[in-house]
Amino acid sequence: MSREKKAGSGRWASGLQNIWLSVVAILLSLVITSVIMAASGNNLAEAYSALFKGAFGSRNAIANTLAKTVPLIFVGMACAFSNKGGIFNIGCEGQLYSGALAAAVAAIFLQGAPRILVIPAAFVAGMAAGMLVGGLNGFLKAKLQINEVLVAIMLNYIMRYLTSYFVHGPLKDPEASVAQTVAMDDSYMLTKLVPKTQLTTALLLALVIAVLMYFFFMKTRTGFNIRAVGENRLAAQASGIAMSSTIVLTMAVSGALAALTGVTEVLGKTGKFVDGFSPGYGFTGIAVAVLGRNNPAGVLLSALLFGIMESGAMKMSYVAGVSTSMIKVMQGLVILFVATPNLVSFLKRRKGEKKGE
Amino acid sequence: MYAVEMRGITKRFGSFTANDHIDFCVEKGEIHCLLGENGAGKTTLMNILFGLYHADEGELIINGKSVTKHSARNAFLCGLGMVHQHFMLVDALSIWENVIIGNEPGRFSIDRKESIRQVQAIADSYNFNLNVEEKVSELSVGMKQRVEILKTLYRGAETIILDEPTAVLTPQEVDQLLDIFRDMKKQGKTIIFITHKLNETKAVSDHVTVLRAGKSVHTVNTADVTVNELAGMMVGHEVSFELERVANEPGEVVLSLQNVRLLPNAQNTVSLDVRAGEIVGIAGVEGNGQKQLEEMLLGLLKCKEGKISLYGEEISSWPTRKRVEKGISYIPSDRYQRAILPGFSILDNYLLGNQFDEHYVPHGMIDYRVLEERAKDLMKSYDVRAVDEKQSIGSLSGGNQQKMVLSREASKDAGFVLACQPIRGLDIGAIQYIREILLKLRRQGKAILLISAELTDIFQLSDRIAVLYKGELMDMRKNEEFTTQSIGLLMAGQKGEA
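In order, the protein sequences belong to chains G and D. Taking my numbering, the leading residue of the first sequence gets -17, the next gets one more, and so forth. Taking my numbering, the leading residue of the second sequence gets 5, the next gets one more, and so forth.
Derived from the structure by calculation, the hints contain no laboratory data. Accuracy of the hints is not assured; some may be wrong.
[Stated by the list, open to error] The calculated lysine-lysine pairs, modelled on DSS-like cross-linking and capped at a C-alpha distance of 27 Å, are:
no., chain 1, residue 1, chain 2, residue 2
1, G, Lys297, G, Lys154
2, D, Lys219, D, Lys32
3, G, Lys35, G, Lys310
4, D, Lys306, G, Lys125
5, G, Lys201, D, Lys416
6, D, Lys190, D, Lys201
7, G, Lys201, D, Lys380
8, G, Lys125, D, Lys416
9, G, Lys201, D, Lys384
10, G, Lys201, D, Lys219
11, D, Lys499, D, Lys295
12, D, Lys206, D, Lys189
13, G, Lys201, D, Lys394
14, D, Lys219, D, Lys190
15, G, Lys310, G, Lys251
16, D, Lys326, G, Lys125
17, G, Lys125, D, Lys295
[What the hints assert, rightly or not] Covered stretches of chain D (in silico footprint by chain G; criterion: 3 or more residues with CB under 8 Å from a CB of chain G, positions within the stretch not fixed):
no., segment
18, 128 to 141
19, 357 to 365
20, 431 to 440
[What the hints assert, rightly or not] Residues from chain G that face chain D, not an exhaustive set, calculated with beta carbons under 7 Å:
no., residue
21, Lys201
22, Arg203
23, Phe206
24, Asn214
25, Leu216
26, Ala217
27, Gly222
28, Ser226
29, Ala302
Quick caveat: nothing in here was measured; it's all calculated off a predicted structure. By construction, the Cβ of each residue, glycine as well, lies at the ideal position given by its N, Cα and C atoms.
Could you put together the complete structure from these sequences and hints?
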């Protein structure tokens, strides 16, 4: 009976409610972070204006904010993709490391070949590597019923340190003091959209991927099958969807998307594989996907929000003296509130009951 | 004197009124039925009585005293006891241990002998026929239910509320339960019996209160009304229970099971045929292999021994998709788990199971125009009530969900229909409708295997009936050769005089 009362016209109503929950979560975390900052003696106005200036203060600042957003979009899409299929991909970190190394190796190996050939080759190599790692994860879950989360966490370590081994040993740039590969030819780097910033055409690719993902889930049979498995595995199975291949496919595509994070970092920013380059993108990606409700447009917006925070954090730190960790606190709180939608509905109910009495 | 008096009870959830000024009075020492369809507000009303919900309006009087601050604790102190639909027993413990849990005598240690004696004495005084030192895991469903009742009695309940207690019982067990009710009444207990079954109401109760759409329609003397009148009150208009099953000659064998072992420890295997244009009913208490049969036919559970054939072709090792495409329409016993994607739109739910059909999904791209047209058609002709086809299916009532599932499956071009518990949890209107649809499919020449725990279902629809017990077919005959009694015995595992 309680089900009948929330009858309304479905998709839009629930979509709006989801956005509303995300907005409430962001506002709540802003309030709490502000309280903590004020309690530790910071000037709030000063801090937030520094954050804002850091993110939007100049053309270059805006470009760099977007550049920080790009990897979060890719990894956020990766997590959103697997979440749609009901699988939690906590292995993005390992997948993006493998993708980055494969792309760097491809570009270095093809040294001398034309740009039009090398860039696609690097992308293909990187995505294939991510696909393999993700797919392996899916395969172990589908065929041997091994918990995907445990395997993913272990694979994260394996890929992180396997790539580390390569750049400490066989692939190390002999002239560099740190563990990294040799730099690829500058001509193989992605085109910068704004000169002297890190913003490249990777942003356009990210936007294209978002659109493709929307259409994939809304319009194609395979997308529907993955969504169906994510919504109700038993019903999906009874309708004739082959469970194992769908799980493997979901994880493989998710791994490929995660790998794009690494590929575009290498081809867009560093020009080589640097040991331990990721500041934990794989884990931030989970947060981005959750805040964006696994919806491509939502992921774009939440990635942007996280990008703004990251890029404004430095300025906030040296102008207002607020530790950059404060940004992590804020991000953490956002996730906490998004992940506990029951809290919001609980508060609502309490309010309703008080009115009733 | 009234044991329970509820006057003008109103309970709203948001804009939805679950109970609308309901009056419900139960005399001391009587058996009082609370009758109503699913969603009529029975459970809400009882939850208010039991202190789990607070009424928005109205007065609650228990044993002549007006209750203002009510809670589950208070309900207990007032001598109310409730037996829920789902048992809350610890399987690994014995009966007496289950009974005293939460209410153990003594402060530091339990006086074992004395506890057993007390619990046994209560059981005997109501002819429960239980040995309280037995483990709960070894009891039948009917016995477990008695343990639940025993629990409330041990705690000193004077008024006992039972929520749909007969749903899980065989006909014989139902009779025994009703006898226990009569015994309890003799000893002065008051019984509130929540049900939607008319015959039981008529058989045992003194008074009936009928709820319909959140309102109390009538409270009547059971002796003064007929079963048909009760049904009319429940639904709000005249209902006929008559269904016409025109005799017809069944055609070729569509589905055939040969020596299939349903349960690993079953002694015998199962063989049966379903022919075009006939309904074969599988009767039996749930948990006797029905679920396994269902899943094996669809390929969701591996059929390790025996052969399943569809149109003469062995399908035992085929994947689900191939079987469905060969021609199986499937109405799962668990609607929420197997039939629908609750958060998705009705439209997307029409796609489920049709997503491999090139008509709806040409070249892997979903054609929503074709799908929408089809969905609108089916919703109209099967009377699926919703705002539009974009509404999420989870927000529909159970009856409408089931009509949607049935329309999806019936419209498939499949020769074999597997209908499992098709009327579970539905109200009378929807039940009649769904039975008619099944008969229509039979007329269209489809082969139908009906698995149902409701005997009415089985008797009204089936041409032939098989009884399943512990994974074995006890007997299989023409519908006319069985009586409720003979089937009841077979359902309980007693072969012989049937």
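Going through the numbered hints above, which ones does this structure break? Give me the numbers in ascending order.
1, 8, 10, 14, 18, 20, 28, 29
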